[in-house]
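Residues per chain, in single letters:
Protein chains: 2
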Amino acid sequence: MSFSPLIRQLIDALRILPGVGQKTAQRMALQLLERDRSGGLRLAQALSKAMEGVGYCRQCRTLTEDDLCPQCADPRRDDSLLCVVQSPVDVFAVEQTGFRGRYFVLKGHLSPLDGLGPEAIGIPELLARVADGAFTEVILATNPTVEGEATAHYIAQMLIPKGLTISRIAHGVPLGGELDLVDGGTLAHALAGRKTIRL
Amino acid sequence: MSFSPLIRQLIDALRILPGVGQKTAQRMALQLLERDRSGGLRLAQALSKAMEGVGYCRQCRTLTEDDLCPQCADPRRDDSLLCVVQSPVDVFAVEQTGFRGRYFVLKGHLSPLDGLGPEAIGIPELLARVADGAFTEVILATNPTVEGEATAHYIAQMLIPKGLTISRIAHGVPLGGELDLVDGGTLAHALAGRKTIRL
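So the sequence lines, in the order shown, correspond to chains A and B. Numbers 1 to 199, taken from the UniProt record's numbering, label the letters of the first sequence in order. Numbers 1 to 199, taken from the UniProt record's numbering, label the letters of the second sequence in order.
Since the hints were derived computationally from the structure, they do not count as laboratory data. Do not rely on the hints blindly, as some may be mistaken.
Derived pair list, reagent style DSSO-like, types lysine-lysine, alpha-carbon separation capped at 27 Å [to be verified]:
(1) LYS107/A with LYS49/A
(2) LYS23/B with LYS23/A
(3) LYS107/A with LYS23/B
(4) LYS49/A with LYS23/B
(5) LYS107/B with LYS162/A
(6) LYS195/B with LYS107/B
(7) LYS49/B with LYS49/A
(8) LYS23/B with LYS107/B
(9) LYS23/A with LYS107/A
(10) LYS162/B with LYS23/A
Which bits of chain A does chain B cover? Going by a derived footprint, with three or more residues having C-beta under 8 Å, they are [as the list claims (entries may be wrong)]:
(11) 126-135
(12) 139-147
(13) 151-159
(14) 163-171
On a predicted model such as this, the values are computed, not experimentally measured, just so you know. Glycine is no exception: its CB is placed at the ideal position from the N, C-alpha and C atoms.
Could you put together the complete structure from these sequences and hints?
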């Protein structure tokens, strides 16, 4: 019992942040109180504005406070490419690569055991988006996990009959690091997906 | 440019937290938006209440929103012992040890080069507190750094003439770990401060 109630409440509230335990929360609370109260107030405002104001893009369903997210609203993007991802944070990851097509964000992956079927993760909306758009290729960029693969496979089954090119991001060894640290499954994919070198 | 303005502002604001960089701030912002909006709002409220409401204890000068902090307000504590620390977080550390005397919190350590003299860190208030109280011993628990030692030495010089016992927390090898990993200065202190074993 050595912190006053307001400080204790702040420490408890900070612990909802991912990766923040008791000790880190304490350090954060005391540092804000002692060194940066205006920064703390700014954070409080940014939090409440974002929690109350941010919704989902009407078209791609990523997080945004506008009707359309910056990616959907940008007229200079390639309208023939659609990249399907599992969550809004993946949009950011794919953007970093320089991809400049359109996006569609699922709500996670198919998980029948948890009751998450095609409707729950937004497959009907994806089919509607594909039907509306002028896409020639749909890139399936769900996570390289069992569930992500299953989700990609399911979507491919639905879209291939529509005459579109459906692609999956490549599996293989990541850049950097050493071959003996790569797991067997990844290495098997990398071997099976080998490419002929042409000089 | 792939996050909307409100999300970008939230990510920027989260970066004022100690130890939080761009990537962690992104993960925190998206996790709150996707999974725990009510937690995010609770955090916003706790932050603004604490930043606006928390001040300093009238007696020991630790952080609290009340006139007296829980330690000063507790009538069951030992009024003969005063523990002097450098910052509010140290009160918590010393409390963990089971110490149940009184505290006085300095504002950091003496640092003449930064213009921080005895007045700036609150030595006059410490002397007044000692004069008011019924202390028989003052424990100097400033940090075991050059500046912390200098601050402890300065305070000892001021208080010893008043006929009080002035003590400094012991330096030595920490519990656990191995001797060859302890730095030379610490080991020298541990040797110099060795204690006779009595069975």
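Right, here's what the structure says about each hint:
{"no.": "1", "hint": "LYS107/A with LYS49/A", "verdict": "23 Å, holds"}
{"no.": "2", "hint": "LYS23/B with LYS23/A", "verdict": "21 Å, holds"}
{"no.": "3", "hint": "LYS107/A with LYS23/B", "verdict": "22 Å, holds"}
{"no.": "4", "hint": "LYS49/A with LYS23/B", "verdict": "21 Å, holds"}
{"no.": "5", "hint": "LYS107/B with LYS162/A", "verdict": "70 Å, violated"}
{"no.": "6", "hint": "LYS195/B with LYS107/B", "verdict": "34 Å, violated"}
{"no.": "7", "hint": "LYS49/B with LYS49/A", "verdict": "16 Å, holds"}
{"no.": "8", "hint": "LYS23/B with LYS107/B", "verdict": "33 Å, violated"}
{"no.": "9", "hint": "LYS23/A with LYS107/A", "verdict": "33 Å, violated"}
{"no.": "10", "hint": "LYS162/B with LYS23/A", "verdict": "38 Å, violated"}
{"no.": "11", "hint": "126-135", "verdict": "violated (count 0)"}
{"no.": "12", "hint": "139-147", "verdict": "violated (count 0)"}
{"no.": "13", "hint": "151-159", "verdict": "violated (count 0)"}
{"no.": "14", "hint": "163-171", "verdict": "violated (count 0)"}
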